[in-house]
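These protein sequence lines are chains A and B, in that order. Counting from 1, position 65 in the first sequence corresponds to residue 65 in the numbering used here; the numbering is continuous, with no gaps. Counting from 1, position 38 in the second sequence corresponds to residue 38 in the numbering used here; the numbering is continuous, with no gaps.
Be aware that a few hints might be false.
In this list, chains with the same sequence are indistinguishable; a pair is considered to hold if it fits within one copy or across any two.
[What the hints assert, rightly or not] With a straight-line Cα cutoff of 27 Å, these simulated DSS-like cross-link-like pairs (lysine-lysine) come out:
#1 Lys100 - Lys64
#2 Lys126 - Lys58
#3 Lys35 - Lys58
#4 Lys100 - Lys39
#5 Lys126 - Lys95
#6 Lys126 - Lys100
#7 Lys41 - Lys64
#8 Lys64 - Lys95
#9 Lys35 - Lys64
#10 Lys58 - Lys100
#11 Lys39 - Lys64
#12 Lys35 - Lys100
#13 Lys58 - Lys41
#14 Lys126 - Lys41
#15 Lys58 - Lys39
No lab work stands behind these hints, which were simulated from the structure alone.
2 protein chains.
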Amino acid sequence: MKTDASTPEPLNYSISELAREFDITTRTIRFYEDKGLLKPKRRGQTRVYSPEERVRLKLILRGKRLGFSLDESREIIDMYDPAHGNLEQLQRLLKHIAQKRTHLHQQLRDIESLMGELDEAEARAKAALVQSRVKGSP
Amino acid sequence: MKTDASTPEPLNYSISELAREFDITTRTIRFYEDKGLLKPKRRGQTRVYSPEERVRLKLILRGKRLGFSLDESREIIDMYDPAHGNLEQLQRLLKHIAQKRTHLHQQLRDIESLMGELDEAEARAKAALVQSRVKGSP
DNA sequence: GCAAGAGTTTACGTTAACGTAAACGTAAAG
DNA sequence: CTTTACGTTTACGTTAACGTAAACTCTTGC
Numbered sequence: 001m002k003t004d005a006s007t008p009e010p011l012n013y014s015i016s017e018l019a020r021e022f023d024i025t026t027r028t029i030r031f032y033e034d035k036g037l038l039k040p041k042r043r044g045q046t047r048v049y050s051p052e053e054r055v056r057l058k059l060i061l062r063g064k065r066l067g068f069s070l071d072e073s074r075e076i077i078d079m080y081d082p083a084h085g086n087l088e089q090l091q092r093l094l095k096h097i098a099q100k101r102t103h104l105h106q107q108l109r110d111i112e113s114l115m116g117e118l119d120e121a122e123a124r125a126k127a128a129l130v131q132s133r134v135k136g137s138p
Numbered sequence: 001m002k003t004d005a006s007t008p009e010p011l012n013y014s015i016s017e018l019a020r021e022f023d024i025t026t027r028t029i030r031f032y033e034d035k036g037l038l039k040p041k042r043r044g045q046t047r048v049y050s051p052e053e054r055v056r057l058k059l060i061l062r063g064k065r066l067g068f069s070l071d072e073s074r075e076i077i078d079m080y081d082p083a084h085g086n087l088e089q090l091q092r093l094l095k096h097i098a099q100k101r102t103h104l105h106q107q108l109r110d111i112e113s114l115m116g117e118l119d120e121a122e123a124r125a126k127a128a129l130v131q132s133r134v135k136g137s138p
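Using the sequences provided together with the hints, build the complete structure.
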């Protein structure tokens with residue numbers, strides 16, 4: 001049994017469809033291609049994006065939200081493919097993965113700190129707001 | 001009772017001390033000052049950084065780790081001070097805080113996804129590594 | 001008294017990540 | 001046939017966040 005019958009995968013996307021979906025410009029998408037992050041097929045001279053390419057784009061944008069450079073996003077995306085074969089590269093890949101994990105852990109700590117501080121800031125603001133009402137509306 | 005006797009606060013820091021501690025250049029620190037993120041005192045013409053300024057610097061660098069621009073970091077730092085008095089600004093501050101929280105939640109989701117994917121990638125790599133050993137060392 | 005070391009200002013250079021615009025091709029609609 | 005919509009390439013412009021270097025000041029140890 002082939003696990004299908006779930007998503008009817010639109011098979012392909014145009015550049016403007018992707019631009020609309022992710023709220024970016026076509027210029028941006030072409031720029032990513034220039035940088036080697038995307039490699040769409042061509043129908044004539046027009047770019048045609050497969051679902052896989054769409055996923056890559058999503059990964060790039062997620063990377064951006066985490067403050068990654070395009071090069072970093074490329075590295076991460078490269079971790080997905082069947083690991084370039086040889087043994088030495090696999091070792092490096094594992095190291096690389098470990099590094100990224102460390103990075104993410106730091107980000108987690110940073111976010112937790114900031115969240116807590118936002119809580120305090122909000123509390124102070126609300127307190128000040130009450131004061132301001134007392135003095136403001138007699 | 002004054003809650004003291006804990007940290008012997010070095011009282012002040014030179015620009016190069018801070019640069020060393022946070023592993024950045026003095027140029028970077030001066031740049032942040034140019035952009036209005038730091039306002040050290042002066043002893044003569046030399047910059048003198050208080051513990052408070054040091055904290056601001058830490059906040060800026062944490063912001064960088066989270067992919068924030070200097071302007072965003074400035075906004076966040078501004079949330080800490082006694083909320084500029086008037087009522088309307090307090091409302092906006094609260095909205096602003098809510099926005100940042102939303103942003104952080106998105107980042108949390110992104111990190112969780114990426115973590116999971118790193119796990120999978122690592123598993124695949126390790127599996128491939130085993131295969132490579134079997135074929136590689138007879 | 002002077003060389004070394006730390007600090008300062010001023011200014012031009014650089015890189016990443018796009019924006020913006022010109023100039024052109026192509027296919028469907030009226 | 002020509003307008004409209006979408007696509008393409010090429011190229012110059014822009015902004016953020018520093019790097020790099022020159023030219024100068026101050027203090028401190030020898």
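Verification of the hints:
| no. | hint | in the structure |
| --- | --- | --- |
| 1 | Lys100 - Lys64 | both (15 Å within a copy, 16 Å between copies) |
| 2 | Lys126 - Lys58 | between (38 Å within a copy, 26 Å between copies) |
| 3 | Lys35 - Lys58 | within (16 Å within a copy, 33 Å between copies) |
| 4 | Lys100 - Lys39 | within (25 Å within a copy, 34 Å between copies) |
| 5 | Lys126 - Lys95 | between (47 Å within a copy, 12 Å between copies) |
| 6 | Lys126 - Lys100 | between (38 Å within a copy, 17 Å between copies) |
| 7 | Lys41 - Lys64 | within (24 Å within a copy, 36 Å between copies) |
| 8 | Lys64 - Lys95 | both (22 Å within a copy, 24 Å between copies) |
| 9 | Lys35 - Lys64 | both (15 Å within a copy, 24 Å between copies) |
| 10 | Lys58 - Lys100 | both (18 Å within a copy, 22 Å between copies) |
| 11 | Lys39 - Lys64 | within (19 Å within a copy, 31 Å between copies) |
| 12 | Lys35 - Lys100 | within (21 Å within a copy, 31 Å between copies) |
| 13 | Lys58 - Lys41 | within (18 Å within a copy, 46 Å between copies) |
| 14 | Lys126 - Lys41 | neither (55 Å within a copy, 32 Å between copies) |
| 15 | Lys58 - Lys39 | within (14 Å within a copy, 40 Å between copies) |
Taken one by one, the earlier hints fail for this structure only at number 14.
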